[in-house]
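Visitor: Spelled out, the chains give:
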Amino acid sequence: MSAADQDTVDQDWDEGNPERLYVIARGRSPLAAHTTFDLVTLIISRSQPTPTMQPEHAAILRICGSPLSVAEVSAYLRLPASLVTVLLADLHAEKRIEVRAPIPKAALPARSLLEAVIHGLQRL
Amino acid sequence: MLRAGSSPGSRLATAVLVCLTPAVVMAATGVLAASAASPGTRTGIVWCGLVGAAGAVVETLRRRHAVAVVREQCARQEQELLRRLARQEAGMVELARVALPEAIARLQRGDFPDDVLTAFETTDTVAGPEFHQARLAVLRAVLEAVDNEEGMRESAQRAFVNIARRVQAIVHRQAVDLRAMEDRHGTDPAVFEDLLRLDHGNALVGRLADSIAVLGGARPGRQWNAAVPLYSVLRGGMSRILDYTRVELHPVSDVAIVGPAVEPLIHALAELLDNATRYSPPQTRVHLTAVEVQTGIAIEIEDGGLSLGEEGRARAERMLHEAQAGLDLNDLGETPRLGLAVVGRLAHAYGFQVSLRPSAYGGVRAVLIVPQHLITTAPATGRAHGLGGMASESRPAPGTAMPSTAGPRRQGPATAPVPAARSSHRPLPRATAESEPAGPDAVPVVGDRTPNGLPQRRRHAAPSRAGAPTRAQVREPAPEPVQPGMWLAAFHDGVNGRAPSTATGGGHTSEESPGKGEQ
Numbered sequence: 114m115s116a117a118d119q120d121t122v123d124q125d126w127d128e129g130n131p132e133r134l135y136v137i138a139r140g141r142s143p144l145a146a147h148t149t150f151d152l153v154t155l156i157i158s159r160s161q162p163t164p165t166m167q168p169e170h171a172a173i174l175r176i177c178g179s180p181l182s183v184a185e186v187s188a189y190l191r192l193p194a195s196l197v198t199v200l201l202a203d204l205h206a207e208k209r210i211e212v213r214a215p216i217p218k219a220a221l222p223a224r225s226l227l228e229a230v231i232h233g234l235q236r237l
Numbered sequence: 057m058l059r060a061g062s063s064p065g066s067r068l069a070t071a072v073l074v075c076l077t078p079a080v081v082m083a084a085t086g087v088l089a090a091s092a093a094s095p096g097t098r099t100g101i102v103w104c105g106l107v108g109a110a111g112a113v114v115e116t117l118r119r120r121h122a123v124a125v126v127r128e129q130c131a132r133q134e135q136e137l138l139r140r141l142a143r144q145e146a147g148m149v150e151l152a153r154v155a156l157p158e159a160i161a162r163l164q165r166g167d168f169p170d171d172v173l174t175a176f177e178t179t180d181t182v183a184g185p186e187f188h189q190a191r192l193a194v195l196r197a198v199l200e201a202v203d204n205e206e207g208m209r210e211s212a213q214r215a216f217v218n219i220a221r222r223v224q225a226i227v228h229r230q231a232v233d234l235r236a237m238e239d240r241h242g243t244d245p246a247v248f249e250d251l252l253r254l255d256h257g258n259a260l261v262g263r264l265a266d267s268i269a270v271l272g273g274a275r276p277g278r279q280w281n282a283a284v285p286l287y288s289v290l291r292g293g294m295s296r297i298l299d300y301t302r303v304e305l306h307p308v309s310d311v312a313i314v315g316p317a318v319e320p321l322i323h324a325l326a327e328l329l330d331n332a333t334r335y336s337p338p339q340t341r342v343h344l345t346a347v348e349v350q351t352g353i354a355i356e357i358e359d360g361g362l363s364l365g366e367e368g369r370a371r372a373e374r375m376l377h378e379a380q381a382g383l384d385l386n387d388l389g390e391t392p393r394l395g396l397a398v399v400g401r402l403a404h405a406y407g408f409q410v411s412l413r414p415s416a417y418g419g420v421r422a423v424l425i426v427p428q429h430l431i432t433t434a435p436a437t438g439r440a441h442g443l444g445g446m447a448s449e450s451r452p453a454p455g456t457a458m459p460s461t462a463g464p465r466r467q468g469p470a471t472a473p474v475p476a477a478r479s480s481h482r483p484l485p486r487a488t489a490e491s492e493p494a495g496p497d498a499v500p501v502v503g504d505r506t507p508n509g510l511p512q513r514r515r516h517a518a519p520s521r522a523g524a525p526t527r528a529q530v531r532e533p534a535p536e537p538v539q540p541g542m543w544l545a546a547f548h549d550g551v552n553g554r555a556p557s558t559a560t561g562g563g564h565t566s567e568e569s570p571g572k573g574e575q
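So the protein lines, in turn, are chains A and B. For the first sequence, our numbering gives the first residue as 114, with consecutive numbering after it. For the second sequence, our numbering gives the first residue as 57, with consecutive numbering after it.
These are calculated hints, taken from the structure and not from any lab test. There could be a bad hint or two in this list.
Unchecked claim - Some chain B residues flagged as far from chain A (calculated, every beta-carbon gap over 10 Å):
hint	residue
1	Ser-91
2	Ala-122
3	Arg-140
4	Gly-242
5	Met-294
6	Val-311
What the hints assert, rightly or not - FRET-style restraints, in silico, Cβ to Cβ:
hint	chain 1	residue 1	chain 2	residue 2	range
7	A	Glu-207	B	Ala-416	26 to 36 Å
8	A	Ser-225	B	Ile-226	16 to 26 Å
9	A	Ala-223	B	Thr-301	42 to 52 Å
10	A	Glu-207	B	Asp-310	18 to 28 Å
11	B	Pro-338	A	Ala-223	53 to 63 Å
12	A	Ser-225	B	Arg-253	20 to 30 Å
13	B	Gly-257	A	Leu-226	54 to 64 Å
14	B	Arg-253	A	Thr-149	47 to 57 Å
15	A	Glu-207	B	Gln-350	52 to 62 Å
16	B	Gly-257	A	Glu-207	22 to 32 Å
Note that beta-carbon positions come from the ideal geometry of N, C-alpha and C, so glycine has one too.
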């Protein structure tokens with residue numbers, strides 16, 4: 114391989130991160146965690162991060178001071194949602210986060226009804 | 057002739073005897089002849105006898121002188137020959153003990169055979185020109201043979217490195233692709249899991265290619281310009297071994313490794329971790345820790361496997377130290393030897409200190425010390441999952457304050473620095489709402505990067521609440537996809553008649569909303 118090729122390879126390789134995602138997941142399957150969490154499950158942290166935690170766990174606890182959906186956590190951490198669910202399952206098992214399933218659409222009253230109630234209340 | 061070993065005195069006597077014998081014989085013959093002859097002829101005979109005796113003496117002396125001269129010449133010649141022989145012997149010894157090793161050493165250092173030969177031509181020629189020529193011929197023959205051998209070895213090595221480089225390039229491309237796929241299929245756990253497995257296998261192939269490249273004298277695969285946090289480096293090492301789940305990574309101090317040393321360190325750690333996991337029972341854990349020491353950072357890898365005997369340990373350490381010799385093709389077959397040779401090479405090139413000691417767990421405790429000059433305490437600019445990634449974002453903190461290393465480096469649209477107070481994030485969305493007169497309907501997109509294809513937005517409920525002091529805004533809640541829970545919380549706020557326009561009210565509602573949502 115010529116020196117020029119070498120350089121292009123090196124430049125090309127300068128991006129990225131030494132860690133691979135499976136190490137962050139520590140080899141656990143995202144399938145098991147998937148049953149508890151989906152993209153719109155709301156996460157609220159219930160404890161402060163401790164220094165001995167995996168950094169991703171600590172980061173989740175930090176940003177979930179107010180409720181965030183799994184999708185949002187995934188976007189903020191720049192990690193795929195399936196991986197985030199694995200991490201969340203850890204925290205959930207340790208009872209460090211509160212998991213709130215989104216209210217199903219069917220259980221919500223119709224929007225027009227709610228608006229009517231609001232209007233009525235405000236007119237009081 | 058003289059007998060050897062006779063004393064000088066007896067030699068002189070013998071010489072005199074030898075000299076005088078012909079003269080004496082002549083004289084005796086003369087006397088006999090004279091006594092036998094008649095008185096008339098006696099005088100003549102006596103004269104003849106005298107002359108004969110004198111002639112014999114003279115002749116004897118002359119010959120003796122000639123013999124002495126010849127003998128002296130012989131002695132000189134013999135001396136000369138002996139001296140030459142000694143010089144040739146010395147020359148041979150010098151050739152064998154000094155010249156050849158030195159010439160080969162110079163050749164191995166990279167000198168050309170001709171240069172080496174000319175350097176050895178200037179030595180003295182006292183042993184004879186022929187001998188000198190022969191000596192040079194021997195040198196030339198050996199050097200050429202060695203040079204050929206070296207050339208072949210080098211070309212083999214180059215070929216290996218070349219192939220390794222190409223494999224590395226493919227592996228890297230595949231790793232990038234896999235990461236992109238992992239992001240793309242992140243929401244499908246089954247596909248994601250398979251991708252992780254492929255990714256892992258890919259990393260193992262990459263490590264093997266890296267090892268061959270290192271043994272071939274090249275650098276390990278990639279180069280990192282920015283410093284990388286030590287934690288990421290350790291996990292990077294873990295990610296390249298088969299049994300990474302058995303490695304227990306303990307918390308490490310908050311330092312970073314300078315860019316050029318990142319890849320070698322990752323690779324050396326991967327090899328040591330691989331050895332540790334390979335030679336310990338599958339159910340045991342391997343502990344990976346890093347502590348700060350006076351000379352730098354000591355990274356310890358401890359396994360609970362078989363203890364390395366003193367002999368085995370000595371052999372392993374010798375292997376670490378002898379790794380500079382280059383790529384031995386025999387090594388490629390044996391994994392542990394390959395691994396330790398790689399570690400030894402990297403340690404030599406980058407100044408790591410590696411030692412193998414018996415572990416308190418019964419196995420081996422490998423300690424790798426990273427020297428101080430390869431460590432930086434400055435916040436690493438290299439992106440680490442969870443930590444650096446957050447730091448490099450322009451997003452204001454949605455919840456509590458960011459870690460101290462992150463800091464508010466770049467301000468987002470809401471430029472207020474984030475105090476650490478819990479409710480402090482409430483005013484931020486309002487500031488955004490003011491700067492964007494589109495009202496609560498406009499989704500305040502703060503982070504522009506959406507690597508996962510996921511919406512990068514701030515929570516929507518807060519602006520609608522905080523920026524809704526008028527009825528019109530209450531009557532027109534955000535028609536955008538609002539999270540149901542938040543929407544309900546806002547509704548409760550409206551119902552309870554809270555004044556959501558104030559910051560304290562906003563903070564209060566955030567305390568309330570979970571409770572309401574649970575009802």
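Visitor: To test your reading of the hints: which numbers does this structure violate?
Guide: Of the numbered hints, 4, 5, 8, 12, 14, 15 do not hold.
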